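*Asks:* As a plain string of letters, each chain reads:
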Amino acid sequence: MREKNISEERKKYLRQIKKNKILVVLTRLAIVIVFIAGWEILANIGVIDSFIASSPTRIWNTFINLSSSDLMMHVGVTCLETLIGFTLGTILGIAIAIVLWWSKFLSKVLEPFLVILNSLPKVALGPVIIIWVGAGMPAIITMALLISLIVTVMEILNGFLETDKEKIKMAQTFNANKFQTLTKIIIPANIPTFFNSLKVNIGLSLVGVITGEFLVSKAGLGYLIVYGGQVFQLDLVMTGVIILAIVAAIMYQAVVITERIIVKRS
Amino acid sequence: MKNILELKNIGKKYQAKNGEIEALKNINLKVQEGEFVSIIGPSGCGKSTLLSIIAGLEKQTAGEIYKNGEIGYMLQTDSLLPWRTIYKNVLFGLEVRKIKTSENEKYVQELLKKYNLYEFKEKYPSQLSGGMRQRVALIRTLATRPSILLLDEAFSALDYQTRIMVTNDIFQILKNEKITAIMVTHDISEAISMSDRVVVLTNRPGTVKKIHKIDFEMENRNPINCRESPKFSKYFDTIWKELDVHA
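These protein sequence lines are chains A and B, in that order.
Numbered by this note's numbering, the letters in the first sequence go through residues 385 to 650 in order.
Numbered by this note's numbering, the letters in the second sequence go through residues -15 to 231 in order.
Rather than coming from a laboratory, the hints here were simulated on the basis of the structure.
Bear in mind that the values here come from a model prediction, so they are computed numbers and not experimental data.
Check before you lean on any hint, since a few could be wrong.
Unchecked claim - Straight line, CA to CA, 30 Å or less: simulated BS3-like cross-link-like pairs of lysine-lysine:
#1 B:Lys197 <-> B:Lys(-14)
#2 B:Lys105 <-> A:Lys553
#3 A:Lys492 <-> B:Lys1
#4 B:Lys197 <-> B:Lys(-8)
#5 B:Lys194 <-> B:Lys218
#6 B:Lys9 <-> A:Lys549
#7 B:Lys14 <-> B:Lys225
#8 A:Lys553 <-> B:Lys82
#9 B:Lys84 <-> B:Lys51
#10 B:Lys225 <-> A:Lys553
#11 B:Lys72 <-> A:Lys553
Said to hold, decoys possible - Here are some, though not all, of the chain B residues that point toward chain A, as calculated from beta-carbon distances under 7 Å:
#12 Leu41
#13 Leu59
#14 Thr61
#15 Ser63
#16 Gly77
#17 Val80
#18 Arg81
#19 Phe155
In this text, a Cβ means the ideal position worked out from N, Cα and C, and glycines have one as well.
Using the sequences and the hints, build the whole thing.
*Replies:* As structure tokens, this is what we get:
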């Protein structure tokens, strides 16, 4: 609401909100600065051993050195694998959820298998995947897919089944068939469910990719981190983890922004 | 006048793991064209089931139904789709039945204009009041040009003031469009104020206990002015006693 004449109380209230917001951002910044500065100082005066804990300057130097060489390649590989795993997981997940929604019988039959698959740590399947699809990018994508797929299916199916019964009944009063109920009620009603599952999925796909890279790869951030650990270069490990955190945040934000563009209405 | 709907010995039994439930038994009812009939009864007596059977959403387990016209159905909630504009919501039924012709769209626009909703057609349901939303839901149903309208506690989600206004609006709309209506309700006053006949059902298994003819002997009767008639409270008392409510 846009009002021309804002009362004094309203002005005061708005100022207070703004003040609070600024305070939160400043405190966050302060935490980061204190953390980094503390880390650097403690490493410099020798309280923590920078050989096993690294230090901000060493991470920065590693970052600069890597940037000139092949850092972008590693980031690119990880992003590509994540995107492929994420896209496949989402599309397959939605497709399977639709099939299970369509056939009550099938979903009843598959229920215990889904529950078991969901609680099974997918990493345990690593060796099987490597033997079946070979050590390399396909194995990593398969791992990402396995980790995200079951959760996607269960979350989306759950959303489908919890769609407002009155709306479905309303469609049936116009003799809507099952396909029309799906496309005109179930799917549009579950757009928020899709985005929630995308947000969970982007994280899970990244977990799958990094796990896969730990196991098999010759490139990617997971590879960089494991390699750094093996040669006892904690600078490399820390740099890898920090870049990974940034990549994860960017991917998550990309989903959030897409959601904002698509779901315009309140 | 001819019968537009006839129910013959309708019965309905539900099967569940822990037994059989008989919801309806031997329901007989004839409804004439243009009539407004209310069905009233204790909760759980199967009144909503009866509507679902008339609409064809559920199948009766005994008896037969003769229908002489298209059925429209209004549910307890407006069930407007929040992701569609008012106009797109109103077109929903036409879309589903694949009869979204330009002629039908014109008819919908006329209805919207006639009932003061045209200027809101690009708004979303969340921007409208409860009473307006209920009117939109009615137009969505009318768009498919039903000759029989089923109302399943269609106003129970509204607050009292809005409810009186909306029942009045809808009563006028139905009379204007010459639509036969069958309304299920648990509100005795609402039933008396709107109906030509009130059907009282018994406890489960629901069966017809009595049918009351409602006649206020007044011209231009509507759900608001008929409440002032001395006959109103008489009808109320009779039906109240028949419902045999125990707290």
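*Asks:* Would you mind marking each hint as holding or not holding in the structure?
*Replies:* Status of each hint after checking the structure:
1. Of the supplied pair hints, the one linking B:Lys197 and B:Lys(-14) holds, its CA atoms being roughly 17 Å apart against a limit of 30 Å.
2. Straight-line distance between C-alpha atoms of B:Lys105 and A:Lys553 comes to about 24 Å, which keeps the hinted pair within the 30 Å bound.
3. With a C-alpha separation of about 17 Å, the suggested pairing of A:Lys492 with B:Lys1 holds against the 30 Å cut-off.
4. Annotation: proposed proximity of B:Lys197 to B:Lys(-8) holds, straight-line Cα distance about 20 Å (limit 30 Å).
5. Our distance criterion of 30 Å between C-alpha atoms is met by B:Lys194 and B:Lys218, whose separation comes to about 16 Å.
6. Between B:Lys9 and A:Lys549 the CA atoms are separated by roughly 27 Å; this keeps the pair inside 30 Å, and the hint holds.
7. Restraint check: the Cα-Cα separation between B:Lys14 and B:Lys225 comes to about 24 Å, which is no more than 30 Å; the hinted pair holds.
8. About 18 Å separates the Cα atoms of A:Lys553 and B:Lys82, which keeps this hinted pair within 30 Å; it holds.
9. Only pairs whose Cα atoms come within 30 Å are accepted, and B:Lys84 paired with B:Lys51 is accepted, the gap being roughly 24 Å.
10. With a CA separation close to 34 Å, the supplied pair B:Lys225 and A:Lys553 exceeds the 30 Å bound.
11. At most 30 Å may separate the alpha-carbon atoms for a hinted pair to count; B:Lys72 and A:Lys553 meet this at roughly 18 Å.
12. Interface restraint check for B:Leu41: the shortest CB-CB distance to chain A comes to about 6 Å, inside 7 Å, so the restraint holds.
13. The beta carbon of B:Leu59 comes within 6 Å of a beta carbon in chain A, closer than 7 Å, and the hint placing it at the interface holds.
14. Here the hint on B:Thr61 is kept, as its CB sits about 5 Å from the closest CB of chain A, short of 7 Å.
15. Below 7 Å, beta-carbon pairs count as interface contacts, and B:Ser63 has one with chain A at about 4 Å; its hint therefore holds.
16. A cut of 7 Å between beta carbons decides the hint on B:Gly77: the least distance to chain A is about 4 Å, and the hint holds.
17. Taking 7 Å as the C-beta cut-off, the interface hint given for B:Val80 holds, the closest approach to chain A being about 4 Å.
18. For B:Arg81, the suggested interface contact is upheld, since its CB lies about 6 Å from the closest CB of chain A, less than 7 Å.
19. Because the closest C-beta pair between B:Phe155 and chain A is about 21 Å apart, greater than 7 Å, the hint is violated.
Checked against the numbered hints listed earlier, the structure breaks hints 10, 19; every other hint is satisfied.
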